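K.L.:
These protein sequences, in sequence, are chains Z and S. For the first sequence, this note's numbering assigns the number 1 to the initial residue and increments by one for each residue that follows. For the second sequence, this note's numbering assigns the number 1 to the initial residue and increments by one for each residue that follows.
Hints are computed from structural coordinates only; laboratory data are not their basis. Note that the coordinates shown come from a computational prediction; the quantities given were computed from them, not determined experimentally. Among the clues, some could well be false.
As the list claims (entries may be wrong) - In silico DSBU-like pairs for lysine-lysine, Cα to Cα no more than 35 angstroms straight-line:
no., chain 1, residue 1, chain 2, residue 2
1, S, K81, S, K98
2, Z, K57, S, K98
3, S, K347, S, K390
4, S, K149, Z, K49
5, Z, K78, Z, K91
6, S, K347, S, K98
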Amino acid sequence: MSSVLPRFILALPLALLLGACEHMPKLPKFGGEQEPNVVFALGTRDGFKSPLEGALKPACPALQFENEGYSLTGAHKKALAPLIADWSKAKPRYLIAGHTPPGLPEDFARSLSERRAQAVRQHLIESGIEAANLQTVGYGYDTPPTSNVVVIYQQL
Amino acid sequence: MSAFRLSTILCLFAVLLAPAKADVLPSWLRFWKGGSAAKPAKIEPKRVSIGAFAGGTGTSAKQALVAELTTTREFQITEEKPDFIITGSSVGGRITGKVANAAGKELLDRTYAAPGLDENAKALADDVILTITGKPGLATSRIVFVSDKSGAKQVYLSDPDGKEVLQVTHHSHGAVSPTLNADGTAVAYTSYSSGFPVVQWMDLSQGWERTVTDTPGSSFGAAFSPDGQRLALVMSFLGNPEVFVTDLTTSTAACISDTTGAPSSPAWHPDGKQVIFADDRGDGPRLYVAEVPATNQTEAQLLRWRTGYSFCTDPEFSPDGHSVAFTARISGELAVVVKGWPNGPAKVIQAGGASHPSWSPNGRSLCYAQHGNLYVHSLSSGLRRLVLEKHGQISEPRWMK
Chain Z
1 MSSVLPRFIL ALPLALLLGA CEHMPKLPKF GGEQEPNVVF ALGTRDGFKS
51 PLEGALKPAC PALQFENEGY SLTGAHKKAL APLIADWSKA KPRYLIAGHT
101 PPGLPEDFAR SLSERRAQAV RQHLIESGIE AANLQTVGYG YDTPPTSNVV
151 VIYQQL
Chain S
1 MSAFRLSTIL CLFAVLLAPA KADVLPSWLR FWKGGSAAKP AKIEPKRVSI
51 GAFAGGTGTS AKQALVAELT TTREFQITEE KPDFIITGSS VGGRITGKVA
101 NAAGKELLDR TYAAPGLDEN AKALADDVIL TITGKPGLAT SRIVFVSDKS
151 GAKQVYLSDP DGKEVLQVTH HSHGAVSPTL NADGTAVAYT SYSSGFPVVQ
201 WMDLSQGWER TVTDTPGSSF GAAFSPDGQR LALVMSFLGN PEVFVTDLTT
251 STAACISDTT GAPSSPAWHP DGKQVIFADD RGDGPRLYVA EVPATNQTEA
301 QLLRWRTGYS FCTDPEFSPD GHSVAFTARI SGELAVVVKG WPNGPAKVIQ
351 AGGASHPSWS PNGRSLCYAQ HGNLYVHSLS SGLRRLVLEK HGQISEPRWM
401 K
């Protein structure tokens, strides 16, 4: 009996702790991605030209991303500011194309590049550009440029 | 009195710890169970004798069959006390094969009339293996992969020896992310021919192509369901990429992931009820498992599967559903890892840049790409075989199930 009791004294707090874990609320995430309040579905792609067909010019310098991140930094927003300011004059349409460098798993690269393009699109919509004028595409490293960039092409 | 108190504590303890939690608790806390299921006993290989084949091409047919069965190492080919007896005949390249057990009961009787003798011998060898072991043979199975040999990335089809390689797509701007259905008659892939990523599928026997998704944004990562009627794939028309299951007969799609991150590479459980995929919710891709909702149901479970690695992609269930192979990034390099499902130890199969594993139909080997070459890795022996090299940069191999 005396040898069994200390084991229970040890095991009981463990059992109570496990029980308490069941009721623990979900902890807030630190430093994670801020989830957007409203996500806008993409409109029709009719009339949009692909950069693979050529003859498309970037509307602003390519946005550089680091590692596998897909949230926009202050530098990105600064680079996009002139584009946002000029948009209301002619209301051009933009194709936002994401790219990644080789070395990542292929399907993850496609998803990551698409997610980055969507992050840029979300910022542009929140800054006042109409959602119907924006399309996204994620090429991963299937087509050049194979680097960590998002390129914004102005449609003709 | 003290005995009564002790029993009260004992009951409390039992109620708190033991019931219903067995499946939820991590494996390291399951100290009362004494390890996982018992290891299967080592099985002696079946003894098989191959009798003389009658007919004009009988000798060469027997030779081809013996060579095929010898390389698979499924059986011990011997004349002494055979468990199974193979007999047959061959005329003009056609092969008729018969399998009987030791008691003389006929288990297989089939004629193969494909144009080539070797092709017929391979088909017979696969049927013999399926009849005797219950697991499919690999000789007639196919591996689909991507190569940039012709400039743009295109989809190719190969036998598991790498001897017969066939280019499937000739799309402008290329085609990537291929998947084969269970019997190898259809292939689905992401095509860039319109300039945008669009998922298409091709009937290999008839050669026609059909577009599955013509949605704005990107669509990629298609995977055929075990019954071949549905595709799991990633589409981004909602404003962020999500995993969908689309029915090929009705062309409807249901979203099964609930994420604002970057999901990729879905793959099916062999029961066709669960889909595993990688999802990057801001801290690197991890693995998630989603239930596929039944047709009249909208609620479906989604849970994170902990693997012990912080960067996991390209998961694929083994044909028996007891393991998952995936690509992990270990100290900056990609590696192929196999882990037991739902619980089990993780084992690094190949480090040093190996990626995109795919199970063989019998579940005993993995194929993967490493440094642009295609390898087949036997899980029982731990030996690997270079199947294809100097064929451009090979990536994304997938074995038919």
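K.L.:
Each of the hints needs a verdict: does it hold here or not?
P.N.:
Against the structure, the hints come out as follows:
1. S:K81 / S:K98: 18 angstroms, holds
2. Z:K57 / S:K98: 67 angstroms, violated
3. S:K347 / S:K390: Cα-Cα ~29 angstroms, so holds.
4. S:K149 / Z:K49: Holds. K149 of chain S to K49 of chain Z sits at ~27 angstroms (cutoff 35 angstroms).
5. Z:K78 / Z:K91: 20 angstroms, holds
6. S:K347 / S:K98: 41 angstroms, violated
Checked against the numbered hints above, the structure breaks hints 2, 6 and satisfies the rest.
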